[in-house]
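Build out the structure end to end from the sequences listed, making use of the hints.
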Amino acid sequence: MPGKLKVKIVAGRHLPVMDRASDLTDAFVEVKFGNTTFKTDVYPKSLNPQWNSEWFKFEVDDEDLQDEPLQITVLDHDTYSANDAIGKVYIDIDPLLYSEAATVISGWFPIYDTIHGIRGEINVVVKVDLFNDLNRFRQSSCGVKFFCTTSIPKCYRAVIIHGFVEELVVNEDPEYQWIDRIRTPRASNEARQRLISLMSGELQRKIGLKVLEMRGNAVVGYLQCFDLEGESGLVVRAIGTACTLDKLSSPAAFLPACNSPSKEMKEIPFNEDPNPNTHSSGPSTPLKNQTYSFSPSKSYSRQSSSSDTDLSLTPKTAPYPQGPRIYLCPSSPSLSCGSLHLKKSCLLLSESSLPPHHSSLVSPVLRKSVSFSEELFLAASGMGSGSAGKEGGPFKALLRQQTQSALEQRGGSPHRFCRRREFPFFTLTAFPPGFLVHVGGVVSARSVKLLDRIHNPDEPETRDAWWAEIRQEIKSHAKALGCHAVVGYSESTSICEEVCILSASGTAAVLNPRFLQDGTVEGCLEQRLEENLPAGCGFCHIPYDELNMPFPAHLTYCYNCRKQKVPDVLFTTIDLPTDATVIGKGCLIQARLCRLKKKAQAEANATAISNLLPFMEYEVHTQLMNKLKLKGMNALFGLRIQITVGENMLMGLASATGVYLAALPTPGGIQIAGKTPNDGSYEQHISHMQKKINDTIAKNKELYEINPPEISEEIIGSPIPEPRQRSRLLRSQSESSDEVTELDLSHGKKDAFVLEIDDTDAMEDVHSLLTDVPPPSGFYSCNTEIMPGINNWTSEIQMFTSVRVIRLSSLNLTNHALNKNFNDLCENLLKSLYFKLRSMIPCCLCHVNFTVSLPEDELIQVTVTAVAITFDKNQALQTTKAHVEKSLQRASTDNEELLQFPLELCSDSLPSHPFPPAKEHLESASSNSGIPAAQRDRCSSWIELIKLKAQTIRRGSIKTTVTVEKTSPMGEGNFRNRSAAPCANSTVGVVKMTPLSFIPGAKITKYLGIINMFFIRETTSLREEGGVSGFLHAFIAEVFAMVRAHVAALGGNAVVSYIMKQCVFMENPNKNQAQCLINVSGDAVVFARESELEVVSTQQPAANCQPACTGGEVTT
Amino acid sequence: MTSELDIFVGNTTLIDEDVYRLWLDGYSVGDAVALRVRSGILEQTGATAAVLQSDTMDHYRTFHMLERLLHAPPKLLHQLIYQIPPSRQALLIERYYAFDEAFVREVLGKKLSKGTKKDLDDISTKTGITLKSCRRQFDNFKRVFKVVEEMRGSLVDNVQQHFLLSDRLARDYAAIVFFANNRFETGKKKLQYLSFGDFAFCAELMIQNWTLGAVGEAPTDPDSQVDDMDMDLDKEFLQDLKELKVLVADKDLLDLHKSLVCTALRGKLGVFSEMEANFKNLSRGLVNVATKLTHNKDVRDLFVDLVEKFVEPCRSDHWPLSDVRLFLNQYSASVHSLDGFRHQALWDRYMGTLRGCLLRLYHD
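Protein sequence lines correspond, in order, to chains S and Y.
According to my numbering, the first sequence is numbered sequentially starting from 1.
According to my numbering, the second sequence is numbered sequentially starting from 10001.
To be clear, the hints were calculated from the coordinates, so they are not data collected in a lab.
It is possible that part of the hints are untrue.
[As the list claims (entries may be wrong)] Listed next, the in silico DSS-like pairs over lysine-lysine satisfying Cα-Cα at most 30 Å (straight line):
| id | chain 1 | residue 1 | chain 2 | residue 2 |
| --- | --- | --- | --- | --- |
| 1 | Y | Lys10075 | Y | Lys10190 |
| 2 | Y | Lys10292 | Y | Lys10235 |
| 3 | Y | Lys10075 | S | Lys45 |
| 4 | Y | Lys10146 | Y | Lys10245 |
| 5 | Y | Lys10268 | Y | Lys10309 |
| 6 | Y | Lys10075 | Y | Lys10126 |
| 7 | Y | Lys10075 | S | Lys8 |
| 8 | Y | Lys10142 | Y | Lys10111 |
| 9 | S | Lys45 | Y | Lys10126 |
| 10 | S | Lys45 | Y | Lys10146 |
| 11 | Y | Lys10309 | S | Lys39 |
| 12 | S | Lys39 | S | Lys8 |
| 13 | Y | Lys10251 | Y | Lys10188 |
| 14 | S | Lys39 | S | Lys6 |
| 15 | Y | Lys10292 | Y | Lys10188 |
Here is the structure:
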């Protein structure tokens, strides 16, 4: 009996009138967990009942604790007829299961009914006592922390970042069960809510198990999604990044509510805590985790798979994927499912502008070169992985191998080796300094599938196989880019009837192995360290071999360090690295696209879609590139391309934040070329357009303060011939094709990107480029966490969700009209936002997240969630200089913080499991040293790695002295913090919500657990509730309220990394009905205003505004 | 392309004060947009009319949803659905319960019933206030009335506690409730020159002095069904006022009173001769008002009587306000020197309030 759940129902307020005669209510409460139900007494004739119940105690398995939600139902007692339900509250008790989070849930929860919305509130207290569980093979994973935040949470430090974890759970959708025909809509909605709650609990538990197995203690960047597949079922899937986190011994630990180890132990008699980091000062991971590594992994996994099948929520129907799956055959995808399998892949690379003579070719050819055919890919990946060693960059390859081995061999045992090696993916978008070595470019893969009912619960692997396939593709794309890992990884689906598009995207990258594993590499490489890594440009340097570039790209020497090659444009899905040197400010860039599609059934439909996809990807990409050039910028961050499928059209929406990276070359302008040169008026028109474009570029440069330092051509130009020679040299050794070299040679120094106007379509494209209106002055927008170039955020934030649905006039829709409608929709939406938030000027919309869906034939729905943050304009001017100095100081503090881990790793983790990894590395080290020195010179990334090492070591040497210094201000900070805490509590009631991982002007002192909520709302009186707008407005407000209430009950005052993952809206105005499903998640936290934590304050915003500071450094 | 659905929901509910005012004033979305366009907001912000339309719709929707809560302001404070900073909450409530002078003058003293509600059309046409706004204001009066009607204790405190209004507004509502409860006639042509402020001032004085709660006679027996403390006039007091009749009925007493007042004011009053000539009429008028207050009808006509019997005669003789003040002070004080008059306390309670009221009512 590993756990006791205790619940007390205190009181209710603002209950609805249930008895018309007396205008009062006789309320009582049912408390249900699993199959046990308790009831309170009836509190007669009151709208504000005081039950003050006893403690209801549930004795349950911790497995159930993780899976099941606590269900509280408020009812109106009726002597003669059946009791009427007033509403329900579902409470996820997961945050109580790990010791660092909340210890009690207590507060007012809105009572929610799926038909009536919120009807009053109920005050509930929930506690959990966990008992000692000696069963090592248990199925629960209590203690694993979950974070939605896609970076290392602020009050933790990453000891090891293990890597990708994923899981999915499938079930029948209650809405489509036969019983749905005879039950009320309310019962059906509640069944759905409950099922999803159960499934996500189960999913989280299973992911937790995987993390424990990897010896991690946390999942960061946890993203859980629902696929409502209709008839064919309900899929809940999640991905995340397993990490071993260590709580920073920051002032946070001394906050009243926080854990001092002794207190913790008393409150939660849970000795066998699987999470080794409960005690902030505890020993590092591997030692404690040995328990797990002792258990033979084979038996462990068998155990988990067998019990997986035992454990079912509704035994008759529930289909389950087996816990550990082995993806041994990803190369034969057609094997995985009987259904039609169509796949078109597309690779969006950090692609350079196409050479002028190429663009003058007929378009299909051009397109082909971008949307790679599958064969090209296979070739590319083969090159990237298998024979990388002998091709050109042996040192690069070495680095790759090392990291790859780091990624793949963490488990140690051979069994694990084959299970986990698959996907070196990371859902993180921001990383500890030094983690990211190079960025290759965006990799994405899409696949069109036909959904069919999951007939056999024992065969839930279809979905798994689908995803495995996609991931495999992503992995091979990354390899083609010379990268061994994918960061900023995410997955999504778009479903219309029986067709489903699965998409995955991420950024191919080369990572620093020391974060992925213990620090064994360190020792072997020390000898090679030479000089410092160039700051702020390292990640831009190409990871791939310039002779075997998988795509035509235009390389130059890095404008920052002048030593490494960089592409002329860089696309990524991650946030801007904090150390990147940026010039000017950034801005939101969107590409929008619609394509009509014939209505079709099943396979024909799927074929049509998959034929359209590559063209859409290509056009979206071109649009992005054009807009980027128009802004005078050279890099995109946070790129997210969403392709949505509808009955008769496909929509593509790409959002990203454009910036000017100092390391990349200045983007050339856009040149317009006409097709019919003899026509005079036409020429004039062209030149007019050209002028407009040039003006726009100049205006944008001014607007975003892009004024890179002038660099004389010679400096850049001179080293270019050298690599050519080198490349020839290398070519003789390698087998790289002549074609590639030719291509490389053909790239001259290009100034302009040529847009060709050969038909009206192209003309429209150019026009649409110019129609994007810049935000009004005082407004900036981006879809990343922070806006490059702005650093002085004030504490005023406003998170919002805006939804728009438009109905297209169905008469002769053309692609062009559709595009215009869609473009107008998005632009108007943005304009509305700017207008609404005008009182916050100067302000920046951060993390602008657009979602498009096509609920019906002629309906387009766009949902935007973002946060507006005001900043202080005047202060910005004054502090720029001061910041430069500060940033330098800070850099040193940062370093010292970062260097804690490698060192500790060396000392702590080496003894714990020294066998296979150490051996591996000794081998690799020996092979390294065998490489001739002459070759070594040529290998750029090798040197970089060495530089990195050098840096670490150097930092390491100062470490001891600095830490001493560090402790004293920290101590002071604690002291102040403690005294300031009551002040922070005085503003009880306000719960901030933000999609960002931080709160400006404040420091997060504690993470209370993940919030993951799913709601359904239905109405049969749509008109009475104010029509569709009134209905959805009220519902979203209610969802916010419920999220806030849960956070407040956990003792928190904010939700960070908030995301509305789903907002499915369906209406039937004729029947006066509507239904909406919303799924939101985020991390509940406690924050304290920085003014109260003066000492710490320098650190927190520092990390956020670093790019800005460095940007300032360059411009001044 | 038509917009089917268009919403904006902030974690902190956005309140636009200007739009709120337009909404409270009862303008339709279309009118509100037109008014906003006229205010030049488009030029200031560079927005389009469509944006303005969408923004106005959105705010209207929000206000519509908040209205339910505004009907019981404490609910607005405790509800969880809309996160609104306290200062904004106060603003929402205060503005919602604010009323138009023109409107309140029309319904002051009327029964807050369905019948009156039907007349709102006429009031709307007459005052130029939209019918919607009239309805809101009327419903506010009625709602406050209903809530505090049955309550004990200070009227102002009750209003303040249950509607979280500012002190000033709570006092105004107390006056409105008091007038509605006692049905004082305020609509006669004679009374048109009086503002709501004049009446509210009188109401406050009367609540303080003439009601049951005023005397501090907290019911000794809590179970006894005492009339609402602050709402109704003290019946016993009204009954006792009959005793004042002697001041005018007894010829000697009246003459003595007159001579006392005249002696004291000789040379101090600009309108002395007029006062001397009119004394008996004025005194008779003031005392007769007191003695008639046992009848409900006469209570209702209190202000009509005061204006007819005192304000108008003085005004026709062009008494300056300072002289009115001197006269009234002396008039009430001199009674203490009347040996044969035994109801000094009663006289003070009556005249003290009446003097305040008359001074306030005495203007053009």
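To see whether the hints hold, each was checked on the structure:
The hinted pair formed by lysine 10075(Y) and lysine 10190(Y) fails the criterion: a straight-line CA distance of about 43 Å is larger than 30 Å. Pair hint lysine 10292(Y) plus lysine 10235(Y) holds up; C-alpha atoms about 12 Å apart against a cutoff of 30 Å. Annotation: proposed proximity of lysine 10075(Y) to lysine 45(S) holds, straight-line Cα distance about 19 Å (limit 30 Å). At most 30 Å may separate the alpha-carbon atoms for a hinted pair to count; lysine 10146(Y) and lysine 10245(Y) exceed this at roughly 37 Å.
Distance restraint check for lysine 10268(Y) and lysine 10309(Y): the Cα-Cα separation of roughly 23 Å lies within the 30 Å cut-off, and the hinted pair is therefore satisfied. With a C-alpha separation of about 35 Å, the suggested pair lysine 10075(Y) and lysine 10126(Y) falls outside the 30 Å cut-off, and the hint is violated. With a C-alpha separation of about 25 Å, the suggested pairing of lysine 10075(Y) with lysine 8(S) holds against the 30 Å cut-off. As the CA atoms of lysine 10142(Y) and lysine 10111(Y) are separated by approximately 9 Å, the hinted pair is consistent with the 30 Å bound.
A C-alpha spacing of about 46 Å is found between lysine 45(S) and lysine 10126(Y), which places the hinted pair above 30 Å, so the restraint is violated. Annotation: proposed proximity of lysine 45(S) to lysine 10146(Y) holds, straight-line Cα distance about 21 Å (limit 30 Å). For the hint pairing lysine 10309(Y) with lysine 39(S), the CA-to-CA distance comes to about 71 Å; that exceeds 30 Å, so the pair is violated. Only pairs whose Cα atoms come within 30 Å are accepted, and lysine 39(S) paired with lysine 8(S) is accepted, the gap being roughly 11 Å.
A distance of roughly 34 Å separates the Cα atoms of lysine 10251(Y) and lysine 10188(Y); the hinted pair therefore is violated under the 30 Å criterion. This hinted pair checks out: lysine 39(S) and lysine 6(S) have alpha carbons roughly 14 Å apart, not beyond 30 Å. Under the criterion of a C-alpha separation no larger than 30 Å, the hint pairing lysine 10292(Y) with lysine 10188(Y) is consistent with the structure, at around 19 Å.
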